[in-house]
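Read off the chains here:
Number of protein chains: 2
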Amino acid sequence: MDLVTQILNGDRLALARVLTHIENDTQDGRAALATLFPHAGKAHLIGVTGAPGTGKSSLVNQLALYFRKQNKRVAIVAVDPSSPFTGGAVLGDRVRMRDLSGDAGIFIRSMATRGSLGGLAQATAGMTQVFDAAGFEIVMIETVGAGQSEVDIARLAHTTLVVEAPGLGDDIQAIKAGILEIADILVVNKADRPGVENTEKALKSMLELSHPTQHIFSHHGKYMSAAPQVKDAALWIPPIQRTISIDGTGIPELAEQIAIHAEHLRVSGDWAARERARLESEMDAVLQETLVSQFRERVPESKYDEVMMQVYKRSLSPREAVKMLTNGRAK
Amino acid sequence: MDLVTQILNGDRLALARVLTHIENDTQDGRAALATLFPHAGKAHLIGVTGAPGTGKSSLVNQLALYFRKQNKRVAIVAVDPSSPFTGGAVLGDRVRMRDLSGDAGIFIRSMATRGSLGGLAQATAGMTQVFDAAGFEIVMIETVGAGQSEVDIARLAHTTLVVEAPGLGDDIQAIKAGILEIADILVVNKADRPGVENTEKALKSMLELSHPTQHIFSHHGKYMSAAPQVKDAALWIPPIQRTISIDGTGIPELAEQIAIHAEHLRVSGDWAARERARLESEMDAVLQETLVSQFRERVPESKYDEVMMQVYKRSLSPREAVKMLTNGRAK
Chain S
4 MDLVTQILNG DRLALARVLT HIENDTQDGR AALATLFPHA GKAHLIGVTG
54 APGTGKSSLV NQLALYFRKQ NKRVAIVAVD PSSPFTGGAV LGDRVRMRDL
104 SGDAGIFIRS MATRGSLGGL AQATAGMTQV FDAAGFEIVM IETVGAGQSE
154 VDIARLAHTT LVVEAPGLGD DIQAIKAGIL EIADILVVNK ADRPGVENTE
204 KALKSMLELS HPTQHIFSHH GKYMSAAPQV KDAALWIPPI QRTISIDGTG
254 IPELAEQIAI HAEHLRVSGD WAARERARLE SEMDAVLQET LVSQFRERVP
304 ESKYDEVMMQ VYKRSLSPRE AVKMLTNGRA K
Chain A
4 MDLVTQILNG DRLALARVLT HIENDTQDGR AALATLFPHA GKAHLIGVTG
54 APGTGKSSLV NQLALYFRKQ NKRVAIVAVD PSSPFTGGAV LGDRVRMRDL
104 SGDAGIFIRS MATRGSLGGL AQATAGMTQV FDAAGFEIVM IETVGAGQSE
154 VDIARLAHTT LVVEAPGLGD DIQAIKAGIL EIADILVVNK ADRPGVENTE
204 KALKSMLELS HPTQHIFSHH GKYMSAAPQV KDAALWIPPI QRTISIDGTG
254 IPELAEQIAI HAEHLRVSGD WAARERARLE SEMDAVLQET LVSQFRERVP
304 ESKYDEVMMQ VYKRSLSPRE AVKMLTNGRA K
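From first to last, the protein sequence lines stand for chains S and A. Basically our numbering = 1-based index in the first sequence + 3. Basically our numbering = 1-based index in the second sequence + 3.
Only chain S is shown next, with the shape it has when bound in the complex:
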């Protein structure tokens, strides 16, 4: 029996092996992805992001435990930006294991970023798809930090949680502004800490700035889910949910918000739209890679090196060089 069939039969060892293939971007991993592709497309993908110190990991743990009580199978992909030498990813796994190990309905996979952040996004997308095909109803993707990786998650996930916490300093506001745009739900974790009102107030005023149409909602008093044709994502105003992840306060309410958002996506047509956007972005990545590799086969290396030498000497600009090598117009 091959690995893919084993995965579809619920074999955890086979699953772990394929995930490793995907992390290392091997031929076997690519083949497995293609075979699993028709089986995916059912899971609810939940991105969880926020600055270090917000307690994201324990929040993800608590959510996982809660979803397990609802008898849903849960997978977690934890993307850890610690560099290889700190072993952050491995440590993270061990800490999590205390709460969640021994449960066959849960699977946790950590990834260190290593060198290539682009490759990481691709690997995360691949793993998500494997979990999806393997029948995990919930796939949570957790990242630390702020930047391109968060934007990539937002593209990948149906529902993106941005986690904040009181007392991380006013300067963190700069990050919040950028990250707010990808948030479907805002979580104020560590809500027992002093300053929670200020954090919430700051988030609210930023939401008002970014969602000037909010008055529509207060007027209607509920989400406009009555209009199934409406596909404008702006019609969802991210709710703010307080949690205390160490004791589980607010977790049921947060899970409820997540369910409401999933329903909103389905009713508005955004679920399908996000699905399509994800597939298009995957297409683009594979297309670029394929075209470049066909180019490399077509153009002799000596010819390429010769042109590069002129670029190094600055007698040819990169755009002129590409124009020469592709025998065409470089825009």
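No wet-lab data here; the hints were simulated from the structure. There could be a bad hint or two in this list.
The list cannot tell twin chains apart, which means a pair is met if one copy fits it or any two copies do.
DMTMM-like mimics (lysine to aspartate or glutamate), calculated; alpha carbons at most 25 angstroms apart, straight line [what the hints assert, rightly or not]:
1. Lys306 to Asp31
2. Lys316 to Glu283
3. Lys316 to Asp287
4. Lys45 to Glu256
5. Lys306 to Glu278
6. Lys204 to Glu304
7. Lys72 to Asp250
8. Lys326 to Glu26
9. Lys306 to Glu323
10. Lys326 to Asp31
11. Lys204 to Glu323
12. Lys326 to Asp308
13. Lys306 to Glu283
14. Lys326 to Glu304
15. Lys45 to Asp5
16. Lys306 to Asp287
17. Lys326 to Asp287
18. Lys204 to Asp31
We have chain S already, so just place chain A on it with the hints.
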């Protein structure tokens, strides 16, 4: 007289216009870049990055003032992750202006990230090249946050400064680990704050973890600049420099470290290596873009849409779809 000639003659208005063209990725901007390309390649590109709250911007201001005293022309590209609606970039410009305005030897350009972070990296690279061609000896590129943007800067810059500050919380360590790998010089700013020894100690122990060869250096007692053939970047151990940017403490010493690093790059051959790596990565970007645009011209949109429909329905995986569309092997 065209814009490019005006720029080479030191016309600031022409410079500002071309920068706007490059930010908007217009045909004129691309043409200007190609014409300016042979004139670039002389500036020392300095990346400055670190978490919010470390005082990066005032550090960059102080460094700029210091370089001006050495009669060097200085350009600053400040990449601001604030979203468009906060107007962060504009505000940033105004705050800076108080110290640096009215000086013809300095030019500051802020950019908000807007939607596209990939486009931002490309725009930053383009602007850097324009400043370089326009005769600015120092080009500083400043970014906020941690993630892909920092890695892109490191690729762009000859010398990357990573700025830390005491009292930003222990959790910030997670970010530091990843960011340490791109640092050529570590700056502990706000060094008059309590906890500066702890911050420095933490950085030192992380450096020891990431540079296990350090004992070689203590033995020799100086950088191994006597070996001009050596191109291993690992031979540079990032020094740690304390600064207090609000009063300028440590700025001359930091500028000296930057000069030492530039000298190290030249002697070791890394200066040329980083130059080549930058040009190769620019080539790759233009090549991908060109190949995709040629593909779009070649493949009828109706054909593409038809295949995409099968991908949406999950009857074709993205890799199989690309294989069909390119009539070739998709790896």
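Structure-based check of each hint:
1. Lys306 to Asp31: For Lys306 and Asp31, the Cα distance exceeds 25 angstroms both inside one copy (33 angstroms) and across copies (29 angstroms).
2. Lys316 to Glu283: Result: close only across copies, 13 angstroms inter versus 38 angstroms intra.
3. Lys316 to Asp287: Classified as between; 17 angstroms across copies, 33 angstroms inside a copy.
4. Lys45 to Glu256: This pair counts as within: shortest intra-copy Cα distance 23 angstroms, inter-copy 58 angstroms.
5. Lys306 to Glu278: The answer is between: 21 angstroms across copies meets 25 angstroms, while 41 angstroms in one copy does not.
6. Lys204 to Glu304: Neither: 59 angstroms inside a chain and 48 angstroms across chains, both beyond 25 angstroms.
7. Lys72 to Asp250: within (16 angstroms within a copy, 57 angstroms between copies)
8. Lys326 to Glu26: For Lys326 and Glu26, the Cα distance is within 25 angstroms only across copies (22 angstroms; inside one copy 35 angstroms).
9. Lys306 to Glu323: within (14 angstroms within a copy, 31 angstroms between copies)
10. Lys326 to Asp31: Cα proximity of Lys326 and Asp31: across copies only (17 angstroms, versus 36 angstroms in one copy).
11. Lys204 to Glu323: neither (53 angstroms within a copy, 49 angstroms between copies)
12. Lys326 to Asp308: Within one copy only: 15 angstroms inside a chain, 28 angstroms across chains, cut-off 25 angstroms.
13. Lys306 to Glu283: between (33 angstroms within a copy, 15 angstroms between copies)
14. Lys326 to Glu304: both (16 angstroms within a copy, 24 angstroms between copies)
15. Lys45 to Asp5: For Lys45 and Asp5, only the intra-copy Cα distance (23 angstroms) is at most 25 angstroms; the inter-copy one is 57 angstroms.
16. Lys306 to Asp287: between (27 angstroms within a copy, 16 angstroms between copies)
17. Lys326 to Asp287: both (22 angstroms within a copy, 13 angstroms between copies)
18. Lys204 to Asp31: Neither: 50 angstroms inside a chain and 45 angstroms across chains, both beyond 25 angstroms.
Checked against the numbered hints given earlier, this structure breaks hints 1, 6, 11 and 18; the rest are met.
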